[in-house]
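Peer 1: Listed in order, the protein sequences are those of chains A and B. Reminder that position 175 of the first sequence reads as 175 in our numbering, one-by-one numbering, no gaps. Count along the second sequence from 1, add 1000, and you get the number used in our numbering.
Hints may be right or wrong, so weigh each one.
Stretches of chain B that chain A covers, calculated by requiring three or more beta carbons in the stretch to come under 8 angstroms of a beta carbon on chain A [as the list claims (entries may be wrong)]:
hint, stretch
1, 1063–1073
2, 1306–1316
3, 1320–1334
4, 1341–1354
Residues from chain A that face chain B, not an exhaustive set, calculated with beta carbons under 8 angstroms [as the list claims (entries may be wrong)]:
hint, residue
5, Trp2
6, Asp6
7, Lys200
In short, the hints are calculated from the structure, not lab data. Just so it is clear, CB atoms sit at the ideal spot from N, CA and C, and this is done for glycine as well.
Each chain is listed here by its residues.
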Amino acid sequence: MWFFTDEEKQIRELCKDFAQNELKPYAAKHDNEESFNINAFKKMGEIGLLGITAEPEYGGASMGATAATIVMEELGKECASSTLSYLAHTILCVNNIQNNASKEQKEKYLPKLISGEWIGCMGMSEPEFGSDAVGIQTKADPDKDGENYTLNGSKMWITNAQYADIAYVYTRTGKEKKNLSTFILEKEKKHFRFGSPIHKMGMRASPTGELIFENAKVSKDHLVGNQGESIYHMMKNLEIERITISGISLGIAQACLDNCLKYSTERKQFGKEIGHFQMIQKMLAEMASEVAMMRSFLYTTCRNYDAGIKGPTEAAMVKLTLPKMATKIALDAIQIHGGYGYSREFPVERMLRDNKLNEIGAGTNEIMILIIAKNLLKENNLKV
Amino acid sequence: MNNLNEIQKELIAQIKKYSVSNIEKYLEEDDETQTFRMEIFQGLSQLGVTGIGINEKYGGIELGLYDFSIFLQEIAKTSVSYAVTISVSNMVQSMIQQFGTSEQKENYLPSLTSGEEIAAFALSETSSGSDAIALKTKATKTDGGYLLNGSKMWITSGGIAKTYLVMARTSNEKSKGITAFIVRDGTEGFTYGKKENKLGWRSSPTRELIFENCFISDNQILGNIGDGFKIAMTALDKGRITIGSIAVGLANRSISEALEYTKSRKQFEKELIEFQGLQFMLAEMATETKASELLIKEAAQLYDQGQNVTLIASMAKLKATENSMKVSTDCVQMLGGVGFTKEFPLERYMRDAKGLQIVEGTNQIQKIVISRELTKG
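Put together the whole structure using the sequences plus the hints.
Peer 2: Have a look at this one:
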């Protein structure tokens, strides 16, 4: 984009190289085996990607949503699942600690999370509370003297769960719907244990699991901010989560287009390259136009977000639009590749499987629709 | 379900019963490991589904495509992979029945009808997919038969089938230079190449066939020399209707899974299905699926009446498979996070649906066929 800073352009080049060397060669293997490319994850720490939005004093790069989204796009082109794990660590765990935790907590957790020594995750969804996130039931009961809390409950569909050293977890501390509190939990201190891994359609190289809390004793220095006041920062972080996850869909869509352009100029049927056929041309032209639109929409939203201009409605609009378009693009990309596209010899079928998650995670398309409509109607004085 | 006759009702009930007790439990793991189970194929065969449309003399049941379509829909509600295996095998059986000598019919049909063996159809090659006439596998005349040389790609049931109907070039004339050969597994010079690792249809093996100076005797030619393309084309209309039928079964199962889930899952203190957003998705899916089903039924009925169904078969395949892709994608969406996991079969249906848009002529080829039929006047 014309407005990228030099620093953002450098990040793009860095990520492009990294994706080529560290993600691309291994993506199919990890997808097939449903295993985590931990090696690449650790290297993201070495090259400074894991603290993209964190302050420099903790090892971060102090950049905004634009830079984070550039990383998502570039890494997402080659391995969306590794990128999703990166997102869970960097945006859901590190960024939340950066924005909401105390100085002591930041000093304790951020350097090791940013160097890649520790892996982080975030726990919001529960078996019975997915879309209805504010309804979560994992309980944190304070002791009488207020020194410790006892946690009970479980968190579902947690990206990075089985690999996490640190979990940033939302809990209920009171009956009123909005009485939610956050804790930074440590595996080392046995604050949680893992349920069984969840097997998935796509994003298979990104581990998904369950965090279980059974009378877990947690001292109050793990509490983030004030008790019962987490709802605002929970909602706030969803904005950057929705923007950055859309970056993965942009990467997938761009990679589908690149693969299709290559294939259409190489593959011959009926005596000519299939790019000569108007039906293929139609798919390519629509795909390219959609990718261009996705790109402008997403990065403009990033820029507005970084400038503090726009908020949750725009983040939801991006999240509704990009993943949905990328699914359509990935389906068409398989179609252009025909039998080859259906096989694992080409990456487009994996891109389809991976992208479907982006229509579900970080709030389903349907929830995005509700948020957008609700906010727009509210601006027009109708409460729904 | 209301207008089914007794035979149809009975067989559907049996397929349902067999699927629930003998197939469902293996599906998720077999999908992951790309495993095909002969015992499942044979179990379904025992219900009669591998002999539909085949003469009683060879162990078949003389029912039409309309019936076959209904049974395939039912099998596809459980497994697209097995429905595809049966549909492809049946296609080869029909070709042998229509064009074979009585010796060929006696030799090959009974074991296919009983389900003891599987048949496969080999037309596509590395550089000849949609452009079928461009095939290069060569059959060179020799004493008492032909020598086959070349390879065939993306062959459904490759490696598990015993009888292959292989299209090869016997002269340079475009479509008239293609001849159909019946090739048995184990024939010298016939080996299997790479097994494909695929997005969907993972319990149905897809494999490359390789022929190196493979001798096929004259009595294994199906029809006459140069009839191959004509034979292949006769199977196309039927093949398209069967693939469309599988798509309808897949869509109906997806909808019933999504419906069941959204009726039981609560969010915001209400059952999911009480939300209009999901109600609209459901209503659209059900309507489009019913439309696909009726189009398939009409195509099958006209086929059974002996009419030319090229146009409607292509329309039905296009509509039903596009619909099954959209429906299965939307159903994953309706289930949300669990829809994306292997705990529910919907993500598998979505992956399987994509294959239906590609086989028996990609949907782009269907559009060409439809336009051609409409404009030929």
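Peer 1: It remains to establish, for every hint, whether it holds in the given structure.
Peer 2: Cross-check of the supplied hints:
1. 1063–1073: With 0 residues close enough to chain A, the hint is violated.
2. 1306–1316: violated (count 0)
3. 1320–1334: holds (count 4)
4. 1341–1354: Holds: 8 residues of the stretch 1341–1354 of chain B have a Cβ under 8 angstroms from chain A.
5. Trp2: violated, 35 angstroms
6. Asp6: Interface hint status for Asp6 of chain A: violated (39 angstroms vs cutoff 8 angstroms).
7. Lys200: holds, 5 angstroms
When each numbered hint is compared with the structure, violations occur for hints 1, 2, 5, 6.
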